[in-house]
Amino acid sequence: MNRPHILLIASALAMSSIAFAAPVAAFDASNPFAKASTLPLEYPQFDKIRNDDFAPAYAEGMRVQAAETEAIANNPKPATFDNTIVAMERSGRLLDRVSSVFGNLSGANTNDAMQALERALAPQLATHSDAIRLNQKLYARIKSLYDRRAKLGLDAESMHLLERYNTDFVRAGARLSAADKDKLKEMNAELAGLQTTFKQNVLKESIAAALVVDTRAELAGMSDQGIDAAAAEAKRRGLDGKFVIPVVNTTGQASLSVLSNRVTRQRLLAASMGRGSHGGEFDNRAVIIKLATLRAERAALFGYPSHAAYVLADETAHDTAAVNKLLAEFAKPAVANARKEAAQIQGVIDAEQGGFQVGAQDWDFYASKVRAAQFNFDESQLKPYFELNNVLTNGVFFAAGKLYGLTFKERKDLPVYDPDVRVFDVFDANGKQLAIFLGDYYARGNKRGGAWMNLYVRQSRLLGTYPVVGNHLNIPKPAAGEPTLLTYDELRTMFHEFGHALHGMFSDVKYPRFSSPYVANDFLEFPSQVNEMWAVWPEVLKHYARHYQTGAPMPQELLDKVIASKKFNEGYRTTEYLAASILDQRWHQLGVAQVPTDVLAFEAAALKDAGVDFAPVPARYRSTYFSHVFSGGYSSGYYGYLWAEKLDADTVEWFKENGGLQRKNGDRFRKMLLSRGGTQDAMQMFRAFRGRDANIAPLLERRGLTAQ
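Here our numbering is used: position 532 in the sequence shown is 543, and no number is missing along the way.
In case anyone wonders, no lab produced these hints; they're calculated from the structure. One thing to keep in mind: the hints can contain errors.
Derived pair list, reagent style DSBU-like, types lysine-lysine, alpha-carbon separation capped at 30 Å [to be verified]:
#, residue 1, residue 2
1, K667, K394
2, K88, K162
3, K192, K148
4, K343, K577
5, K215, K253
Just so it is clear, the structure is predicted and the values come from calculations on it, not from any experiment.
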């Protein structure tokens, strides 16, 4: 599966004043975060923002929100929804502005100064967040409202907001004893620092782990453009005459599908899988042990047997038993299918007299040959028809226009943080501006791996704000003058991430707490996965799949083969994803006394115990570079892609049953799901849309598992 994750920048909650590690410049009106940006829709002033603007803006943002929150907590008047809950929703605007920009740029365009500040900020922001959530006077006001909520005459969204505030505070420790609150504060500060360390280690290790080769012959199979790009990367690193292939994100690396030199493939995969686990300053093994231990201890403080139990209690899955059942149901048939696929690959290797058994380094290379034999086409035939700009404007944007009536206009006048970032005004069907969209598609050395969506400004009728949304991918940038031709996975990723963007753009809520896509993590991927369907929808595919040189449409025969091959290699994709999901659960279902001391041994035993230890199909992420769960917002939640895909597959069937790419269908999906953010229980929204609970049959059929 190519299921990138979304980056959620939650509001950084702040209370008491804590000094930064280094002196912070005074905050004044010239700071670009002092007031809301005067650019359209409060678009960030990237041309005015400097590294040294962040620390004073954070310090002032914390100070201001501290005062705001103290005023709410100590208000002598009886608690009302307006003077307590709405006041909380209005607080922290400065902190929101700086944290949204800094949080996003620390992933997309970081530097040494930002990383140093990020390390200093992480525990401080955790402490500030605790100060607000553990404020006994503030929680007393919230609880008094919650206890008499039925008598307040609130509308449905306001009622849900009050209920969520009570839940948020309870889950943050508001009911703990004073002694336990002190323990919790220490844990949260340490956890925040560890998560930042893990994240930065992954980025630095990815740079350090790049594969260096001496000759073009070692890169046989790569295109001339790809080899030239490897030479350019080597030169950039001061390695003139050599060739460098960066290692990014997942265990699998794109170049493995084309490299014909098996030794090179072995070296590349070893570099990928060894990240964070071979000693040195970027080794993440000790960090993982500390994270797992602290998370388990914190869960115990809240009365839960494990971190996963604590997290899942607030997700649509509700408990670990439901998640374990889902993963176990898929594991056996997925591995069985992967073994069948391995046998087909072995047949090709034997036919070529390779003289070796298929290994993980061989899978992508020989799977391409199997696909070519089965469907009479390979990736190289597709890429000339998937030029980046054409996919974006005549595919991604075209589908959004047909389904929702949106139009897009590129603008060059707004500042960007990197010259390759593109900016578009987004207009609704009525001609009014809906949002601003940023597309940041190319890989950079200072950009984290993977793909994600973020919000620079989130929609809120209370605050009068409209969405400013970004999509981020890591597509290798070609040499100057060369076209950017996408792989099929990169194509799917563009549609996937734009599904997240649509979720953010269509948000139509009053309170910022509920702005899309602030929903349960295991519901979060549902809208984005639905949007993937349009990538191969015939009307859409025909519109953008044109040869980058001639403009000729993709031949119908090839187009039919693309659609027919959608289930190809699903055993592999499902197994690698399940392995990562199982690792996430095994780490986070541990009690305090169960945390191991050997990360790699624990990982191997967990995969074997779950029946997914099939060597040719390694986990999509090994523990030591699994940023989703050890530094991102997906701890105990990586299963959510599969959970959401059940809803997605059933929704795709609904679209097909109702005529597909039509405005009436898009308008209904937008009105009943995409626009509502977190204002309702996620599964209630789905049932209202579909008329029933999701049927798992479409997902099983999609993944080729019905025969098991």
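Point to revise | Pairwise hint evaluation, K148 against K192, where the allowed Cα distance is 30 Å at most | key: Measuring from Cα to Cα gives roughly 14 Å; hence the hint holds.
Exercise for review: Compare the distance between the alpha carbons of K215 and K253 with 30 Å, and conclude whether the hinted pair is satisfied.
Suggested key: With Cα atoms ~21 Å apart, K215 and K253 stay inside 30 Å; holds.
Exercise for review: Mind checking the alpha carbons of K667 and K394 for me, to see if they're no more than 30 Å apart?
Suggested key: 27 Å, holds
Review point. Hey, K343 versus K577, does the alpha-carbon distance stay inside 30 Å?
Key: Roughly 21 Å separates the two Cα atoms, so the pair holds.
**Study point:** Restraint status (C-alpha distance of K88 to K162 at most 30 Å)
**Key:** 18 Å, holds
In summary, this structure violates none of the numbered hints.
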